[in-house]
Every structure is written in C-alpha cells, then in structure tokens.
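J.: Fit chain L to the supplied structure of chain R, relying on the hints for placement.
Residue numbers (this note's numbering), protein chains in the order written: chain R, 1 to 81; chain L, 1 to 223.
No wet-lab data here; the hints were simulated from the structure. Even for Gly, the Cβ is constructed at its ideal location relative to N, Cα and C. Among the hints, a few may not be true.
Cβ-to-Cβ under 10 Å is the rule here; a few derived chain R residues that face chain L [as the list claims (entries may be wrong)]: (1) K12; (2) L15; (3) N16; (4) D17; (5) P18; (6) E19; (7) R21; (8) V22; (9) K41; (10) R62; (11) L63; (12) L64; (13) N66; (14) V68; (15) I69; (16) H70.
One side of the interface only, derived from the structure: several residues of chain L facing chain R at Cβ under 7 Å [to be verified]: (17) A100; (18) P103; (19) P107.
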Amino acid sequence: MKYKAKIIVRLKEGLNDPEGRVIGKALKNLGYKIADLKVPKYFEVVFESENPEKDVEEMCRRLLANPVIHTYEYSIENLGE
Amino acid sequence: MPKFAVIVFPGTNCDFETVEAIKKAGGKAERVWYKESLKDFDGIVLPGGFSYADYLRAGAISARAEIMEEVKELAKDGKPVLGICNGFQILTEAKLLPGALRPNKIPRFLCKWVYLRVADTETAFTGFYKEGEVIRMPIAHAEGNYYANDLSKVRITFQYSDENGNINEESNPNGSILNIAGISNENGNVLGMMPHPERASDRWLGSEDGLKVFKSMVEYAKR
Numbered sequence: 001m002k003y004k005a006k007i008i009v010r011l012k013e014g015l016n017d018p019e020g021r022v023i024g025k026a027l028k029n030l031g032y033k034i035a036d037l038k039v040p041k042y043f044e045v046v047f048e049s050e051n052p053e054k055d056v057e058e059m060c061r062r063l064l065a066n067p068v069i070h071t072y073e074y075s076i077e078n079l080g081e
Numbered sequence: 001m002p003k004f005a006v007i008v009f010p011g012t013n014c015d016f017e018t019v020e021a022i023k024k025a026g027g028k029a030e031r032v033w034y035k036e037s038l039k040d041f042d043g044i045v046l047p048g049g050f051s052y053a054d055y056l057r058a059g060a061i062s063a064r065a066e067i068m069e070e071v072k073e074l075a076k077d078g079k080p081v082l083g084i085c086n087g088f089q090i091l092t093e094a095k096l097l098p099g100a101l102r103p104n105k106i107p108r109f110l111c112k113w114v115y116l117r118v119a120d121t122e123t124a125f126t127g128f129y130k131e132g133e134v135i136r137m138p139i140a141h142a143e144g145n146y147y148a149n150d151l152s153k154v155r156i157t158f159q160y161s162d163e164n165g166n167i168n169e170e171s172n173p174n175g176s177i178l179n180i181a182g183i184s185n186e187n188g189n190v191l192g193m194m195p196h197p198e199r200a201s202d203r204w205l206g207s208e209d210g211l212k213v214f215k216s217m218v219e220y221a222k223r
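Okay, chain R solo, but in the shape it has when bound (with noise of 0.2 Å):
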C-alpha cells in the first residue's frame, strides 16, 4: 500500500525559536499584535510500507525530529495501491 505521511516537528515547550522571533519583530514591524510565532518544521511523505503508523513513528524518532528539543505530530493518509 502507497500513503502520505504529513508530520510536523516542533520545539518543545519552553524552548526559545530564535527564527521564530525574529520572524514575529518582523511581523510586528507591519503593525500587527504579535504575542508569539514559532517555526515547526512540516514534511510531507510519500511512502510504501506494511505497517505505515510503525514507519512513521520510528522515522520521526530515528531522523525527523530530535527527541532531545522536539515533538512530532502526523496524520497517515491511505493513497491506495
């Protein structure tokens, strides 16, 4: 079976995103009330596998994010054969 894997990685919580608030001064800078922006990471994957959640989970675990600064969310779509 083929799916697409759709994964976001982010900064855990309390970890300061410096892109994230440099992007936000910026956005302030055009006037708008920024309280908070943060950059988390987005892939798309297109794969074959037996087992999809398993491949996922392990691919986040293994490369995509560092489980020592990130976590990951995903959702699996089912492409057909």
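T.: Just chain L now, with coordinates in the frame of chain R:
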C-alpha cells in the same frame, strides 16, 4: 605513532587544517571519505564544516551515515573520538554525546575569538591542560547553543569564560546552558567542542592554545 582518521562528509571544510594540527602534535593523520572504512586507525576526528549543508538540523544527516556505526564501535572500544564544531553536532545527533546543539540565541553566524576555561583535565583530549586554565581559540558557528534535558549526565570539558576564567552571561556567545563549549562522554574518550582548536594550533594563527587538544589525544592513543 598513532594514526588518526579525519572523516570527510560532503560539505566538511576543516579537514586539511585538522590533519596538519594532528601532525604538528606528533600523530599521523589521513583524510577519509565517509564511504571508506575506518580499519587500522587509532582514533577519529570529525572536523568542522557544513556537512549536507546543515539540512534538517546541523549534523543530522551525517550522523546517520554508515561510517558512524564504525565510529560508535571504535568509541565503545575506548579509542579517542573528537568532534569539532560540525563534528560536535554530528556526535550529539548520533547520540554518542548527550544533548543537542540549537541555533544561537541571537540567530546569526558567530565567527570570533573566545576564551575558554578548562573544566576537566581527565579526558583523552585535555591531559596536557591544567584544571581551570584559560585558553583562547575561535568559534565559527550558527548552531552552537548547547542544550540538555538532564545535566547530571553531561561531563563538561570546556566553558566559555572571560580572560580571567570567570563564567558569566557576558562571556556566553551563543546561549549554551552553563556556558558549555565542550563536553565528553562518561569515559572521557569521546569529546565534542564548538571552538576550533585546529585554528589555534600555531603562533601565526594567533594562538596555539588548541594544540594541546591534539597533543593530549595523540598521547592518549599511545597507551
């Protein structure tokens, strides 16, 4: 004479200087492409640079290369493994060292000279230093902000300080917790550091304070 492999990934750029520094310290050194084998080496150095263009996270892709399995074996056998700058990032990503290197607190590339206080002289790379010695070498990185969940597992080797060895906010260039510039594993045979000892390995470079990292490593490998 101990022989060291200086591993070269696509995007590594401090390999030649590192080889020269090891030679000056009395060891043999060879550049080794990451697809080659690490047989017959007494120690490993992962030099600085921007392997895989820092894609995903600095060091993340290199850390999953096959050659790193060999590095892990050698580390387990007690051989010295040194990661400088991008090499340090690779070692944390490969989980040979605890913690992670995050983007600098002020998000810009830092290229400047810093002072370091030697916190641990019992590692394979610091035997020639005195405890509390203040040394000077350059940093050049965008992701050197050290972070760890559990500091009790971190063996601190070098800390950013002022020229008198005071460890404070002002002498912390990148936001690292406890001004950490370098750490080792529990056994002291794997060390990662953000500053570049090879760029401070000769008087005409502005400092030779970094040479002792390589001298200590060569001496350790002779044992």
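J.: Work down the list of hints and note, for each, if the structure agrees.
T.: Here is how each hint holds up against the structure:
Taking 10 Å as the C-beta cut-off, the interface hint given for K12/R holds, the closest approach to chain L being about 9 Å. The interface hint given for L15/R holds, since its Cβ lies 7 Å from the closest Cβ of chain L, which is under the 10 Å cut-off. The beta carbon of N16/R is positioned within 10 Å of a beta carbon in chain L (closest approach about 7 Å), and the interface hint is therefore held. Because the smallest distance between the Cβ of D17/R and any Cβ of chain L comes to about 8 Å, under 10 Å, the interface hint for this residue holds.
Because the smallest distance between the Cβ of P18/R and any Cβ of chain L comes to about 4 Å, under 10 Å, the interface hint for this residue holds. Taking 10 Å as the C-beta contact cut-off toward chain L, the hint placing E19/R at the interface holds, the least distance being around 6 Å. With its C-beta approaching chain L no nearer than about 8 Å, R21/R sits inside the 10 Å limit, and its interface hint holds. The beta carbon of V22/R comes within 6 Å of a beta carbon in chain L, closer than 10 Å, and the hint placing it at the interface holds.
The beta carbon of K41/R comes within 8 Å of a beta carbon in chain L, closer than 10 Å, and the hint placing it at the interface holds. With a least beta-carbon distance of about 8 Å to chain L, the hint placing R62/R at the interface is held under the 10 Å criterion. For L63/R, the interface hint holds, since its Cβ comes within 10 Å of a Cβ in chain L; the closest pair sits about 6 Å apart. Because the smallest distance between the Cβ of L64/R and any Cβ of chain L comes to about 7 Å, under 10 Å, the interface hint for this residue holds.
For N66/R, the suggested interface contact is upheld, since its CB lies about 5 Å from the closest CB of chain L, less than 10 Å. Look at V68/R: its Cβ gets to within about 4 Å of chain L, closer than 10 Å, so that hint holds up. For I69/R, the suggested interface contact is upheld, since its CB lies about 5 Å from the closest CB of chain L, less than 10 Å. Hint on H70/R holds. Least Cβ distance to chain L is approximately 9 Å, under the 10 Å limit.
Interface hint status for A100/L: upheld, as the beta-carbon distance to the closest one in chain R is roughly 4 Å, under 7 Å. Interface hint at P103/L: satisfied, since its Cβ lies 5 Å from the closest Cβ of chain R, which is below the 7 Å cut-off. Of the supplied interface hints, the one on P107/L holds, with its beta-carbon coming within about 4 Å of a beta-carbon of chain R, less than 7 Å.
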